[in-house]
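Residue numbers (our numbering), protein chains in the order written: chain A, 1 to 268; chain B, 1001 to 1360.
Because the hints were derived from the structure by calculation, they are not lab data.
Note that beta-carbon positions come from the ideal geometry of N, C-alpha and C, so glycine has one too.
Do not rely on the hints blindly, as some may be mistaken.
[To be verified] Derived coverage of chain A by chain B (criterion: at least 3 residues anywhere in the stretch with Cβ under 8 Å from a Cβ of chain B; other residues may be distant):
| id | region |
| --- | --- |
| 1 | 147-155 |
| 2 | 192-202 |
[As the list claims (entries may be wrong)] Take a look, some chain B residues computed to stay more than 10 Å from chain A by CB distance:
| id | residue |
| --- | --- |
| 3 | 1049 |
| 4 | 1091 |
| 5 | 1099 |
| 6 | 1125 |
| 7 | 1136 |
| 8 | 1152 |
| 9 | 1169 |
| 10 | 1212 |
| 11 | 1223 |
| 12 | 1224 |
| 13 | 1259 |
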Amino acid sequence: MIGVELRKMLRSHRTWITILLINALPTLVGVLLALTDLGPRPGSGPAFLSAVLSDGTLFPLAAVAIVLPLFLPTAVAVVAGEAIAGEAQAGTLRYVLVRPVGRTRLLVAKLVSVVVFVLLAVLVVAVSAYVLGSFLLGDQPVSASVSGTTLTSEQIAWRTALALGYAVLSMLGVAAIALFLSTVVESPLAAAMGALAVLIGSSLLLTLDAANSLSPFLPTRYWLSFIDLFRDPILWRNVLRGTGLQLLYVAVFLGAAWANFTTKDITD
Amino acid sequence: MALATALAIGTPLALRELPASNTTATATERLAQLHASAAQPYSGYVESLGTLQLPVADELLDLGPLFGERTRMRVWWNDPVLWRVDRLTATGEEDLVQSGGVTTQWAYEGTKVTKTPEADVRLPRISDLLPPELARYLLEDVQPADAATLPAERIAGRSALGLSVAPPDPRSSVDHVDVWIDEETGVPLRLSLFADGSSNSALSSTFLDFSPGASSSDVFDFSAPRESTIERSDVVDVADAANRFAPVRPPRTAAGLPLSRDTELRGVGVYGTGLTRVLAIPLWKDVASPLREQLLATPTVEQLAEGPALSVGPLGILLTHFTESNGGWLIAGTVTQETLADVAVDLQKAQPLPSLFREG
Chain A
1 MIGVELRKML RSHRTWITIL LINALPTLVG VLLALTDLGP RPGSGPAFLS AVLSDGTLFP
61 LAAVAIVLPL FLPTAVAVVA GEAIAGEAQA GTLRYVLVRP VGRTRLLVAK LVSVVVFVLL
121 AVLVVAVSAY VLGSFLLGDQ PVSASVSGTT LTSEQIAWRT ALALGYAVLS MLGVAAIALF
181 LSTVVESPLA AAMGALAVLI GSSLLLTLDA ANSLSPFLPT RYWLSFIDLF RDPILWRNVL
241 RGTGLQLLYV AVFLGAAWAN FTTKDITD
Chain B
1001 MALATALAIG TPLALRELPA SNTTATATER LAQLHASAAQ PYSGYVESLG TLQLPVADEL
1061 LDLGPLFGER TRMRVWWNDP VLWRVDRLTA TGEEDLVQSG GVTTQWAYEG TKVTKTPEAD
1121 VRLPRISDLL PPELARYLLE DVQPADAATL PAERIAGRSA LGLSVAPPDP RSSVDHVDVW
1181 IDEETGVPLR LSLFADGSSN SALSSTFLDF SPGASSSDVF DFSAPRESTI ERSDVVDVAD
1241 AANRFAPVRP PRTAAGLPLS RDTELRGVGV YGTGLTRVLA IPLWKDVASP LREQLLATPT
1301 VEQLAEGPAL SVGPLGILLT HFTESNGGWL IAGTVTQETL ADVAVDLQKA QPLPSLFREG
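Hey, can you work out the whole structure from these sequences and the hints?
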């Protein structure tokens, strides 16, 4: 079942068009930086963007910072929202379940497919940003630590790997919310929009001092904390909180999706 | 699943609500513990929130975010001459490292290192937002009679004893300051400053993580990255420059407040102590002019006989009138507007230095 879902996702033109579209913005930003040699003013651009003019190999981190707030979660919400509701809307869900396929297995297969999509999207963004950065942007290695200390190539490599893993994990919370909504509604658009509404609401509340007590529980609160991996010493506080929070969202919404899907009357 | 969710959300909340100490320590004992903590080393994660929208310009631009925004900081404090404070932003950080009598400032996004000596008088900087530093500055002369105990709280997972301090001097614009000190070390863990007539704090600062004890020396080692621009300056900021080079000497008292003897004061006057304190800085015209424009553009500015004045929470600001060729006095502090005006009147008595000895 998992293999079937993975093949379906990987063979779908929509998957690759979506990943290309996610990749379009950081690519455009990289090309513009290379052409103009104009970095953002301090404090005004995504993390690491000011450093890539000197060292293009840092562009994967800047690219992830560019797509993480909006492009990537939108794509994840669309793909995860499609998982069950898409089958229901197409009228195929009943037929899928007529085969000797348990609902739990189907849900797990859909989940694995969404996780692989997230991994693919982040990897494609990172690899293409690395290639673009290496060829078009700066070639003077910088210290990389935002605290001004020098990091070795090995330190930069494993911190970058951790940052990409953290970005993937951050997206799993979105995927879980959208997958749950996908089991509730019969329109994939409604499921995706519902998940996006949660994220937009979260981002809005984070700007309000009055909602400060809620902020540790908002899904977008720690998304950009991967920059803390590049401080010296590493600031684990928010990275660990972000990891715990995403795991909590995944556990709660996947559990809710499972409970809802396994007890629901399937009519479509 | 519901149980796991409840545990995951409830455990940190329950830890926060763990009962704090039920000590019966008096305000006098707590004050003594606070003052005795000055030499305590510590490290941690601090968040401050300022609500003061200051009209700032040019040389004073850094003060706006300091007192009007949320600031997140990491601190390693071994003693007053060996510490590091990082201001964390979403896209980088700005660090201050004090070591060997030199203050090194690192700005990641500007890839810039600035090295300056310590100054007798300077403008506020991020390290001043730490609860222990705020307490040291604001509560240095508090008498036990002006302090009352507050219920203990848990702050950064530690039991903290509370104190509320109200300034007895009617010239102060501060209503009160609430401070909570670590029960074990006496280090202030949270401080909130309230202006007269306001129930919301104008400035607050609190540890979210706190560890007592000294940090290893490598935390304070800073070597400028090879790609950075290094700048060395003998002058810290506009206040330091005025103190050292302005061709005036402020009077010994202003508005009845004595000139502070804590620092080597020359051009700048620091009057009063603790919660009733005023700073008078003689500004050159090129610094004073944009500030004056900013002040005049502020809707709540009041035109006093001495110059435009503004009250931002507990902070009063007055810029005295100046002529085309000379600057003016910037008078700022936690005092009422009447006191600011009195200070401005007394500053008219400031002694200009004989031209032979004028510097800068």
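Does the structure break any of the earlier hints, and which numbers would those be?
The structure breaks hints 2, 3, 4, 11 and 12; every other hint is satisfied.
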